[in-house]
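Chemist: Read off the chains here:
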Amino acid sequence: MSNYLVLTKSPAFTSIATAILVLLMFVVGGLFLPGFFAVQVVFNLLIDNAYLLVLSIGMTFVILSGGIDLSIGSVLALTTLLCGFLLQTWHWSAWIVIPLVLTFGFMFGIIMGAVIEYFKLQPFIVTLAGMFLARGLCYVISINSITIENDFFTRMSQTQIALFGGFISPSVLVALALLALAIFLAHYTAFGRAIYAIGGNEQSALMMGLPVARTKVLVYGFSGCCAALAGVLFSFYMLSGYALHAEGSELDAIAAVVIGGTLLTGGVGYVAGTMSGVMMLGLIQTMIAFDGTLSSWWIKIVIGALLLVFCLVQRMLSTKNHSLN
Amino acid sequence: MSLPIRQNQFQPVLELSGISKHFSGVHALNNVSLRLYPGEVHTLMGQNGAGKSTLIKVLTGLHIPDQGRITLNGKLIEPTSTQHAQQLGISTVYQEVNLCPNLSVAENIFIGRYPRRFGAISWTTMRNKSIELLHKLKVDIDVTRPLASFSLAMQQMVAIARALNISCKLLILDEPTSSLDEAEVQLLFGVLRELRAQGIAILFVTHFLDQTYAISDRITVMRNGELEGEYLCAELPRLTLVNKMIGQVDELGSASKSADFATSSTDHTFKFPSDTVSRPAFLSAVGLGKKTVLPPLDLTIYQGELLGFSGLLGSGRTETARLLFGADQADSGHMIIDGKRAYFRSPLDAISRGIGFCSEDRKKEGAILALSVRENMHLALQAQRGWRRQIPISLQKEQTWRMVRLLGIKVADIDMPIANLSGGNQQKVLLARWLLTNPNMLILDEPTRGIDVHAKQEIMDHIRQLSDAGMTILLISSELSDVIDYSDRIIVFRDRTIVGEFAGGELNQETVQQVISGHVGVMPIYSSNSENEVSHV
Amino acid sequence: MFEKIPLLKPLAALVFLILLDTIIIPGFIRMEVKDGQLYGSVIDILNRAAPLIITSLGLTLVIATRGIDISVGAVAAISGTVAVLLFSETISDNVSALHFTAKSPLFWAIFFAIGCAILCGIWNGLLVIALGLQPIIATMILMVGGRGLAQLLTDGQIQSVAYQPFFFLGSGYFLGLPFSLYIVAVVFVALTLLIRKTALGLFIQTIGINPVAARLVGIRAALLIVFAYVLCSLCAGLAGVLICSNIKSADANNIGLLLELDAILAVTLGGTSLDGGKFSLVGSVIGALIIQTLTYTIYSLGAAPELNMIIKAIVVVVVCVSQSSELKPIWCEVRSLFNAAPVKKSASTRL
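Protein chains in written order, with this note's numbering: chain A, 1097 to 1421; chain B, 86 to 622; chain C, 0 to 350.
Pulled out of the complex, with its shape left as it was, chain A reads as follows (with noise of 0.2 Å):
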C-alpha cells in the first residue's frame, strides 16, 4: 500500500497513466475497430498531429512556468499566411522565409511576455489579446487563402520516408526531433531547470537567484517560435495560407498538455508526457473517424470530459500530497 502511495507521490503519475491508457486505448480500438491496428495508423496518427505536437510543446514549457499562452494557435495561422505570401507574391526563397517566419514568431512570443512580466499583467489576458491581434494580421494579409506553390514546400509535403513497411513525412521527424530537444532543454539546462522553479515557487526561485523576468520571457518568445514552426509544418501539411486555420488548437494543445500529466498551476510535468496526451486526442479523434457511427462533434465533448477528468486526478494528488506532510 505504501508503494502505492509513493507512486501517486511521484510527479511522472500522471503522465505515466496517460502513456498506458494511449496503449489501452489502442488495443481497444484495434480489438473493435477493422483495420486499426496497423503500423500506418500510429503513423498517421503522427502526420496529421506533428503540428499540434510542436505547438503543445511550446505551450508546456508556458504552462509549467505558471502561466499559459491562447495565441499559438492564431500565431500559427499567421505563420502559414505570412508562408503563403512571401512565397507566392514576393517569391521568397523558402530558405530564407523559413527562418525569417521562425524569428517573427520569437519575437512575438517576446513581446508578449515582456508585457506580462513588466507590467505584472495575468498571461491569459495578454496572450488572449495577442491571439486577437494574430488572428487580425491574418485577416489583414488576406481574407481568403494563399495557395503554396514553392518546389521546397511541395516536396515537404508528399515526400514519404519509408518506415517499418509504413511511411512517416519530414514533419514528423522535425517534430520528434524538437521533442528530443524540448526534453534536453527541459532536463539537463539551467533554462528549463529554472522554468520549473519558477512555476514551483516564483518567490524562492527568486531569491534564490534565479534569472526569473528573463526565463519568463523568454518562455513565451520559445513558445511563439513552436508556433511558427508548427505553422511552418502546417504549411507542408495543408500547402496554403489561411487565416481560419487551426482554429481553437490553443485548447487542444492545453488539453494535450494537462492530459500529458503537467499541472495547470506550473512546476510539475513532463514534456514527454505532452507526446502521450497529442497521441491520445489524435486517438480519439482516428478512433471516431474510424467508427463512423458518431458524428466528430463527439470529439470536443470527449476532450472536455478527459480534460476534467485530468484536472481531478490533478487535484486529487496535489490534495493528497499536502496532506501526507
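One should not assume that every hint holds.
As the list claims (entries may be wrong) - BS3-like mimics (lysine-lysine), calculated; alpha carbons at most 25 Å apart, straight line:
{"id": "1", "chain 1": "A", "residue 1": "Lys1216", "chain 2": "C", "residue 2": "Lys8"}
{"id": "2", "chain 1": "A", "residue 1": "Lys1216", "chain 2": "B", "residue 2": "Lys449"}
{"id": "3", "chain 1": "C", "residue 1": "Lys8", "chain 2": "B", "residue 2": "Lys482"}
{"id": "4", "chain 1": "C", "residue 1": "Lys277", "chain 2": "B", "residue 2": "Lys482"}
{"id": "5", "chain 1": "A", "residue 1": "Lys1216", "chain 2": "C", "residue 2": "Lys277"}
Think of the hints as simulated: they come from the structure by calculation, not from any bench.
Using the hints provided, position chains B and C relative to the given structure of chain A.
Modeler: Same frame as chain A, but now just chains B and C:
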C-alpha cells in the same frame, strides 16, 4: 554596557558596528552592534518592533544601512543583494524555507549552481553530492524525491545543506522552529550542534524562551531598534532576559495610567477569580490544539469577565484566540458552550454563537480598505442577516453615526473609503463592526497596535466600559500595562503553553515577567504545566 | 479627476467615439421613424450590442469575485440551440432525448433554454468551489465541451426557425424601440436592484477585495460565488436566445464565438479590474457599447473588418496596462521628467 569577553582568542567572523537605519523618519535600527563568533550559536531576541528583521535584512543585503559598518573576517563588506551576501558567505534559512517544493531535494540544493558534464546538467553528480552534504548534517534521505514529500523540518535541513553548499561562514536561521513539533526541533538542534562543532557561526532568531536556553551560546536582546545587551547564555538569567525584552516600565509609565484610573477605577471593581468561579462559564476549550501550531490546551472563559492573555510574541496567544474563534480549524479537542459540545470549523460557527473577533492584522484581515466606513462597519451584522435582507441604508447611516459618536471616531464622511482614516480610527470602526452585532463575547487581538497614545487610551476605556456592562472580553495585548490594568483575570503563555493564571490586580509588570520567565517566587492561583517551570535563582 | 469618478474614463471614450462617428460617418445620428418604429445607426448599434451587454453584466459579477468565465460563448450556443430546436419542425436524428416535435409555446422553450444555461452556471460554480479548480480551467472545460454539445444537438447544421413570436425577441419592435433593448433594460434593472437592494453587491466586493477578511466576518463566500456563476451563465443563455432570434437560426458553430473575449474586454473597459473587488455594472454597459460602436465605426469606414480584431487587441492591452500598478512608478518618472523643466503652470498638480 560592557560586552562579555570570551575566554579563547577567536576573532568574530562577523561584526556589525553602529548600524542605523531609518524609514521615513522612524528609526528601525539605532546604533546597533553585534558580534558573531565561529563555532557559536548566537540567538537574537526581541519583541515586535525590536528591529530583528531589519537587522537580518541589512545582513543579507536587502537594506543598506544609513550608518555603520559590517566586517566579515576583518574585511569591510557591503552586501547589496541576497545573492551577493551568499557569495560573501552569509546564508539565510527562513521560516517558510523558500525552496521549490515541486523539485527534488538534490535539485533544490543545487539550483543555480548545477554540476555539469559536457555542458549538460549531471544528475548523478548532483545526487551523489547532495547525499554527501546531507550526511554531513547526519541526515539520510532519498534525495530524488520531491521536496514537498518531506516534513517541514526535513525541508529546513535541505535549506541548510543548500546554504552550506554555497560555502558558508555565517548561517542565519530566521525563526525556523515556529512550525516544528518537539521531535523536529530536537532534530534541528542536533544539526546545529553539528555545524557548531564544525566551526560555523550561527545566528538564530526565535521567540521561544526554552529553545533559546537549550541551544544558545550567546544571546543578543533588542528593543525598539536598539541594542539592549549581548550576553553569554550561561550568564543570563531568564528573568533578566524577559526584562530586557519587555522593558522595566513602559513609555507612559503605570503612574500616568493610574491617574486616569482614579476617575474610573472607583466605578470598576476587579472581579477576582473567586468571584468568577461562581459565575457560569461562557466558553470552555478542552484539549484544543492544532498540529505544529498549538499543543492541546484547556481554557475556560467566564461570563462577563475581561480575560487578558499575556506572554511574549509568538507564545501562542493569537493562535489560541484564532482556534477559539474558528479562524483556524483545530485538529484536536472541542469547545463547550451553553453546556454543549461544539466544534468551530469556521468563523461562522463562532459568530452564530455571538462571538466577535478583531484580528491583530488590521490591514490584511480586518479593514476592507476600498469600502466605505459605513460598509465596513456593517459587514458582520449584514453577514449575520444574510445577503437577502439588506439593512436599510438609512438605518445604516444612523447606526454608523451613533457608533462614531460613541467611540469618538474622527470621520467627516462615512461614505468615503475607510483607507482615508488614521489607524486608530480604523481600529475603532472595526470595533464598532462587532459591537453592532451585539456579541456575547468579543476577542480583541492587539486592538491598540500602531495607534497613537490618545486613541489608545480611548479604545481601552471603551473596552473597560463594555466589560462593565457585562460583555465577556478576551484581550490580547503586547502592552503589558494594558493587560495588567484592565483584566479581571490574566492567563500567561510561554512557548505556546499556558504557564499561569492570575487574578487581576494581583500582578504588576515585574511579576508578569517573572511568570513568563518561570522565575519561582510568584505563586499563581493555578498553574497547568508545573513541569515546565524552571527555577532560576 | 479621472480617479475620483472611475466611470468618467469609459464614458469619455464612448463619447469620443460617438463624436468621431458623427463627424466621419454621414448620417450617423440621424434617426427616422418608419411605421412607428425608430431606425438609425444608433438604434442599430444598440440592438446588436444587446447580447454583449447582457453577457457582460453577468460576467462582471464573476470577475468581481476574482473569477473568470470563458464558457459564456458556449453557454450562449447551448441555450440558443435548445430554444431553436424546441421551435423547429425538424429535429436532428442524433438527438433522441428530446421528444418535442411541433412548436412549443414560446414561454416554455425559453424557460427550458434558460434552465440549461442555469445548469451550466451551477456546473461551473461547483467545479470552482467544490473541486477547487482554477476558474479559467473550470470554465475552459465547458467552453470546449459545451460547444461540442451544441454542435451535437444540431449535428453541425444550421437550424432555421420559422416561428414568428420568437423573432420578436431579437428583431421585433415595441413602443418604437427594438424589443431587445427592453430585455437589456430589464436585465440591467434586475441586476442593479439585486446588487443595491440586497447585500449581494457588498458581499461580492468584499470577497473580491479581501477573501480572508470576508471569511473572518462571516460571509458565506462559497454560496455567493456559485450564485455569481449561475447569474453569469443565465445572462449568457439569454444572450444566446437573443442572438438566435436575431439571426433566425441556430448556428452552433458560430453563436457566441468570441463572445467571451468581447465580454471580458467590455468588463475591463468599464473599469472593473480583472483582479476582482469593486465593480460597475454601468461601466460594463458602457464598455460593451464602446466595443459595438468601434465595430460599427470600422465597418462603416469600409476598413477591413479584421482591423476590428487588431484594434480590440491593442485596446485590451492599453486598458490593462493603464490599470496595472506597475504603470504608476513609470508614469511618475515620466511626469517628473516634464516637471523638471521650468513650469509656468499652476501648482495644482494631481497627486
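Chemist: Against the structure shown, which of the earlier numbered hints fail to hold, in ascending order?
Modeler: 3
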